[in-house]
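S.K.: Sequence:
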Amino acid sequence: MEIDIMVDFEDYFPSMMVRLGAEGFIGELCNGFRLLMDCERGLITFESLKRNSVIVGLNDMGDDEIVCMLSEGTWMEMGHWTRLNFVFSCLG
2 MEIDIMVDFE DYFPSMMVRL GAEGFIGELC NGFRLLMDCE RGLITFESLK
52 RNSVIVGLND MGDDEIVCML SEGTWMEMGH WTRLNFVFSC LG
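Sequential numbering from 2 applies to the sequence shown in our numbering.
These are computed hints drawn from the structure, not numbers from a lab. Errors might be hidden in some of the hints.
Said to hold, decoys possible - Using C-beta positions, here's what the derived DEER-type ranges look like: (1) 24 <-> 68: 29 to 39 Å; (2) 60 <-> 39: 25 to 35 Å; (3) 20 <-> 48: 13 to 23 Å; (4) 79 <-> 19: 19 to 29 Å; (5) 11 <-> 42: 25 to 35 Å; (6) 42 <-> 9: 32 to 42 Å.
Fair warning: this is a prediction, and the values are worked out from it, not measured in the lab. Glycine is no exception: its CB is placed at the ideal position from the N, C-alpha and C atoms.
With the hints as extra help, turn the sequences into a complete structure.
M.R.: In structure tokens:
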């Protein structure tokens with residue numbers, strides 16, 4: 002059975018950069034990092050992403066989707082994202 006799902010996606014980053022400027026935009030990405038991070042470790046981990054993804058409306062994410070998100074980029078070996086890794090992933 003073939004499932005044809007069309008996802009309508011609009012990238013708001015360019016308009017955010019124009020409105021906020023480069024420094025303000027990076028600040029907003031850092032705010033997003035803080036929403037998803039483990040406050041004790043200062044990192045985004047599997048557990049913190051699973052727990053905090055509900056805050057940003059991603060409450061239907063399964064464990065496999067969270068692992069897939071964390072595996073983006075070259076830092077999967079570490080098992081977490083630093084703030085810099087997160088910002089680079091968003092910009093990349």
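S.K.: All the hints need checking, so say for each whether the structure fits it.
M.R.: Hint by hint, here is what the structure shows:
1. At about 33 Å, the CB distance of residue 24 to residue 68 agrees with the hint of 29 to 39 Å.
2. Distance hint check for residue 60 and residue 39: the Cβ-Cβ separation is about 18 Å, which falls outside the suggested range of 25 to 35 Å.
3. At roughly 33 Å, the beta carbons of residue 20 and residue 48 sit outside the given window of 13 to 23 Å.
4. One distance hint, 19 to 29 Å for the beta-carbon pair residue 79 and residue 19, is violated here, with the actual separation near 33 Å.
5. Taken as a hint, the range 25 to 35 Å holds for the pair residue 11 and residue 42, whose Cβ atoms sit roughly 33 Å apart.
6. For the pair residue 42 and residue 9, the supplied restraint of 32 to 42 Å holds, since their beta-carbon distance comes to about 36 Å.
Violation of the numbered hints given earlier is confined to hints 2, 3 and 4; the remaining hints are satisfied by the structure.
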